[in-house]
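Trainee: Residue numbers (my numbering), protein chains in the order written: chain A, 21 to 374; chain B, 7 to 144.
None of these hints come from the bench; they were simulated from the model. Note that the coordinates shown come from a computational prediction; the quantities given were computed from them, not determined experimentally. Keep in mind that the hints are not guaranteed to be accurate.
[As the list claims (entries may be wrong)] Pairwise CB distance ranges, derived in the manner of DEER restraints:
hint, chain 1, residue 1, chain 2, residue 2, range
1, A, Gly97, B, Val140, 44 to 52 angstroms
2, A, Pro81, B, Val140, 28 to 36 angstroms
3, B, Pro128, A, Pro49, 37 to 45 angstroms
4, A, Ala90, B, Val13, 31 to 39 angstroms
No residue lacks a Cβ here, since even glycine has one placed at the ideal position from N, Cα and C.
Residues per chain are reported as follows:
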Amino acid sequence: MNRWERLNRFIDAEGDLRALSVLRILLGPIVLLHFGDTFRDAADGIIYSDRYWLPYFSWYPEAGPGLYEAMLWLCLGTAVAMSLGILSRVTTAYTAFFVGYHLFLSKTHFAHNRAFLLILLTTVALVPNDRHYSLDNLFRRRVLKRPRPGSTPLWPLWLVRFEIVCVYCASGVSKIIDQDWWSGRVLQLRAIDNRELAIDEGAPAWIMDLLADGDVQWWFSKGAVLNEFVIALGFLHRRTRLFAIWAAIPFHLAIQIGARVQVFSWAAIAALVIWVSPRAHRRTLVVPRGHRLARWVPRLDWFGRFDLQPDDGSAVVLTERDGSTRRGRDAERQTWLHLPPTFFFVAPFSRWRD
Amino acid sequence: MVVVAVVVAQLTMLVVAYDSDHKTFGFHMFPESSRWQADIYRVQPDGERIPINRDWEYRWSDLVRRRGLTNPFVDHHADSGLRNQFGYFQGALDWVARNTPDDETTQYIEAEVTYTDNGDGPFERVFRSVDRDVEDAR
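Based on the sequences and whatever the hints tell you, model everything.
Mentor: Written as structure tokens, this is what we have:
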């Protein structure tokens, strides 16, 4: 098999994209947050064209005020329906369409976090996102008795992974080649500008003084930039992926606290689900009946990592994807590591393996 | 084909962003800690300069909202950097000049901007809107 054939096979591969169904659920509230001000203005009878706006292209179709308002309110409904999984494919497609339409309506609507949100929505719209965690699927299984297969083409997943690595790397490169950023000056000035406000909001004065120190920021800025590369490059390899996902969570929370980045942090944390392997049930977990894992794994294994097999034995046994086995506490810890709600807390005490 | 097209388009936008005001899909996050402030005037046909919020049929903050432009009269952070901010600001001056039909006397709008570029400065720069057709407005 030559290179092209391998590439084609890679792009045409199929797998389990339930992680993107989880992303679909998370994106609904983020879209509502994104349009919060726009909804509030529209409720007061104000739309984008009533105030300063700056079209990208003269040929771009403008909906009249009535149609625009109808489209906007429809997006509110489809964002909610998208999360609930009601007509998932249609409502996700419309939500992605309207977020994109609105983004390109005016240059003043552009922000990196909104472009990032559009990329995520478009990806979820491209895949059969209704096959897991949707009322559509529930209806199909319970009423029609015709569940759809879970396996779907993976190329949208490869694309969004590429896009997200691009986002982190582009941000890091732009800061490395900017002398003011790399030297710490940008962060130092930001800390000085925000000092009084931050202290008023409860930040300790000594921390703000520390952040306003040029020597501290010389080091801190390098750490911040390198962290972006560690996360981006860490995503790419199985052995470093879990660490990158774990490191990204406090990184984005810190950004959310320290700067006004609209929905970026929430979208970036939600997007971490795309790094889950699209191969479901590849770990076999044998659990004694009555063990707490027998109760919690079915509830918390949102990405379908485990093939759970209740057993009459006395020890938890986990068979990993490579065939190796773990027993007892080691197997338990490794199981909690792969359950989304407990991952962040368990990861520092585990071996960093995908 | 879709995969190749998206990859090529994204890589192109990452490069093109270095020479654009708003860096669309370029993902240059939090690029600067620059600051700016503007004094904005309505310039009359005889050259008289009237502060924009004095004796006017409109109010700047009703016409221009968000993107760091609602209250440009006080010193504040430049939203996504000076280039991005000034691109929006020039657009705002032109839009206001074109969308204030009840103002029958202003020839154009002018702004004297004082800014610091990541702590360097202060520098000054003058922005001017498109000319308004005062005769037609009358």
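Trainee: So, for every hint listed, does it hold in this structure?
Mentor: Verification of the supplied hints:
no., hint, result
1, Gly97(A) <-> Val140(B): 44 to 52 angstroms, "47 angstroms, holds"
2, Pro81(A) <-> Val140(B): 28 to 36 angstroms, "33 angstroms, holds"
3, Pro128(B) <-> Pro49(A): 37 to 45 angstroms, "42 angstroms, holds"
4, Ala90(A) <-> Val13(B): 31 to 39 angstroms, "36 angstroms, holds"
In summary, the structure agrees with every hint in the numbered list given earlier.
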